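Undergrad: Single-letter residue listing:
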Amino acid sequence: MAEVNRLEVSNISKWFGGVHAVSDVSFSARDGVIKAIIGPNGAGKTTLINLLTGFLQVDSGSIHFNDRPINGLRPHKIVSLGISRTFQTVDVFEGMTVLENVMLGSYSLSSTSAFSHAFLFPGARKEEKNLRARAVEFLHFVGLDEIANMEANSTSYGDQKKIVLARALTSNPKLLFLDEPVAGLNETETEKIADILREIKKQGVGIILVEHDMRLVMGIADEILVVNFGTKLCEGAPEEVRNNAEVIKAYLGT
Amino acid sequence: MAKNDLALISGLMVVVLVFPLIAPNSYYITVAIFIAINALTAIGMSLLLGYTGQISFGHNAFLGLGAYASALLCTRLGFPPLLGTASGVVLSILMAILIGSPALMLRGHYLAMATLAFGLIGYITLNEWTSLTQGASGIVNIPNFSIGNLKLNDDVSFYAFIWLILILFIFVFLNLVNSRFGRALRAIRSREGAAMSMGINVARVKLSVFVLSAVTASLAGSFYAHYVTFVSPNSFGLIYSLLIVLMVMIGGMRSIWGSFVGAVILTILTEFLRAFENIDTLIYGLTIVLVMFFIPDGVVPSIRRLGKWAMQRENHNG
Chain A
514 MAEVNRLEVS
524 NISKWFGGVH
534 AVSDVSFSAR
544 DGVIKAIIGP
554 NGAGKTTLIN
564 LLTGFLQVDS
574 GSIHFNDRPI
584 NGLRPHKIVS
594 LGISRTFQTV
604 DVFEGMTVLE
614 NVMLGSYSLS
624 STSAFSHAFL
634 FPGARKEEKN
644 LRARAVEFLH
654 FVGLDEIANM
664 EANSTSYGDQ
674 KKIVLARALT
684 SNPKLLFLDE
694 PVAGLNETET
704 EKIADILREI
714 KKQGVGIILV
724 EHDMRLVMGI
734 ADEILVVNFG
744 TKLCEGAPEE
754 VRNNAEVIKA
764 YLGT
Chain B
250 MAKNDLALIS
260 GLMVVVLVFP
270 LIAPNSYYIT
280 VAIFIAINAL
290 TAIGMSLLLG
300 YTGQISFGHN
310 AFLGLGAYAS
320 ALLCTRLGFP
330 PLLGTASGVV
340 LSILMAILIG
350 SPALMLRGHY
360 LAMATLAFGL
370 IGYITLNEWT
380 SLTQGASGIV
390 NIPNFSIGNL
400 KLNDDVSFYA
410 FIWLILILFI
420 FVFLNLVNSR
430 FGRALRAIRS
440 REGAAMSMGI
450 NVARVKLSVF
460 VLSAVTASLA
470 GSFYAHYVTF
480 VSPNSFGLIY
490 SLLIVLMVMI
500 GGMRSIWGSF
510 VGAVILTILT
520 EFLRAFENID
530 TLIYGLTIVL
540 VMFFIPDGVV
550 PSIRRLGKWA
560 MQRENHNG
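Which chain is which? The protein sequence lines are A and B, in order. Residue numbering for the first sequence follows our numbering, starting at 514 and increasing by one per position. Residue numbering for the second sequence follows our numbering, starting at 250 and increasing by one per position.
It is worth saying that the hints were derived from the structure and are not from the lab. All values reported here derive from a predicted model rather than from experimental measurement. Be a bit skeptical, because a hint or two may be false.
Keeping only pairs whose Cα atoms sit at most 20 Å apart, straight-line, the calculated SDA-like set for lysine to any residue is [said to hold, decoys possible]:
{"id": "1", "chain 1": "A", "residue 1": "642", "chain 2": "B", "residue 2": "421"}
{"id": "2", "chain 1": "B", "residue 1": "557", "chain 2": "A", "residue 2": "664"}
{"id": "3", "chain 1": "A", "residue 1": "745", "chain 2": "A", "residue 2": "758"}
{"id": "4", "chain 1": "A", "residue 1": "639", "chain 2": "B", "residue 2": "251"}
{"id": "5", "chain 1": "B", "residue 1": "252", "chain 2": "A", "residue 2": "745"}
{"id": "6", "chain 1": "A", "residue 1": "639", "chain 2": "B", "residue 2": "421"}
{"id": "7", "chain 1": "A", "residue 1": "590", "chain 2": "B", "residue 2": "457"}
{"id": "8", "chain 1": "A", "residue 1": "590", "chain 2": "B", "residue 2": "251"}
{"id": "9", "chain 1": "B", "residue 1": "252", "chain 2": "A", "residue 2": "632"}
{"id": "10", "chain 1": "A", "residue 1": "642", "chain 2": "B", "residue 2": "251"}
{"id": "11", "chain 1": "A", "residue 1": "590", "chain 2": "B", "residue 2": "354"}
{"id": "12", "chain 1": "B", "residue 1": "252", "chain 2": "A", "residue 2": "638"}
Take these sequences, add in the hints, and give me the full structure.
TA: This is how it looks when you write it as structure tokens:
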């Protein structure tokens, strides 16, 4: 299959005052590949995600998605190009059900006007029905059919991790950024998420994963990018990275 | 639209139709008209404050803008009331965009302060720009509302008109909050960052809701002017903004019906307390403190909870 979706990151840097949070980092990601970004706390991993999804703007360097420059675009624009994300903190929307949360994922795919919803035009009602069906489908995919009508805020932590995953998937992403999708989960729950991620990959979605759980990373990542103090230490297949002296030094401090 | 919303709207329509037949005198009709005027502003505020989580203490200015646009254009330039009202709406939309674009970048207390300042400026302008507004003496002889040749100059016909408008807005707003837009509003209230990552243009949605709430406030202001036929700055002071926010909070922040009920309660309470002359404000304040203390999430959610609890008990016993 021809490669269709590709993210190209070239020499990006970001300063926070005097702190060089991301310094001259380049890498690429593409569909159907799981790329993990690892590094010690404060290495700049989340900053990197924020830069690539429009939540922060780069100070220098460029970001291209399918040869189109995307730096400078605001987050909601980037989502509509097919780049979705989750956050490190669990962030289900309170005051709505699990199903409504997941329906919001496809906000960028829907196009009916406020006016047509206000007066219940058939087109608006039909779209609403489709969104609902789509959300149900993705809830089933992550195994949450049974709690669809529960208040999202009152579900367990593990379920909330799945809700945000389903919500991000509903936007039909080509590329999916996941910021610590298994942080705080036990082994069984982690394994379940790993299965879901493998399945997402199989369907051709590219995943960029920031994670501290090395067993998960070594188990599912195709490529690993190691960052430390905002710079790229090395990049490669899990085996290469595991044996890289610099990586061992960064992690073990010897 | 949910079935119970449809039932409630039908029920409300029946009450509105029957009320003039059982009202002992025209004073009751007048109070009902003020309820509708307040409720129109309150349901707009409910979208902004309750659903989107953005506060405004400046909506008295939009009310004043609508009222004075109607008053001035109809008395000075001979505009028909419908056109005066529409002009007020257009001015309010422009003003809401002008004020909302920068102000809505602020959050929490800062947004409260900025909108408070706007409300204060509005009030001061009405008082001090005497060449235009006549200052504290106000504007008299504003024509009653009319639509073409249809003149609504008696209480009952205006009552029917304004309640029809209110019910229409309730219908539209209920549909909106139950659509993808309603979900977007609630997402913004809950987590702005995550809302952006859903593809929601947060700044634009916030501004649209601010504009929409300004439109209902402006309409309410115009209707007030055409009904009372006299406007003066005192009707559009900051206290009115506070009253609107209280209606939304007391009725139930996160529901259109809640803010409607809040408007009914506070309008009637204000009227009822007139009998107590000197201590009315005291009783008013005390009532609000008690309500906020014992049912902080508002009257309507509490009734809903009570209903659920009763149903569960019944199921349990039966």
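Undergrad: Taking the numbered hints from earlier one at a time, note which ones the structure violates and give those numbers from smallest to largest.
TA: 5 and 8
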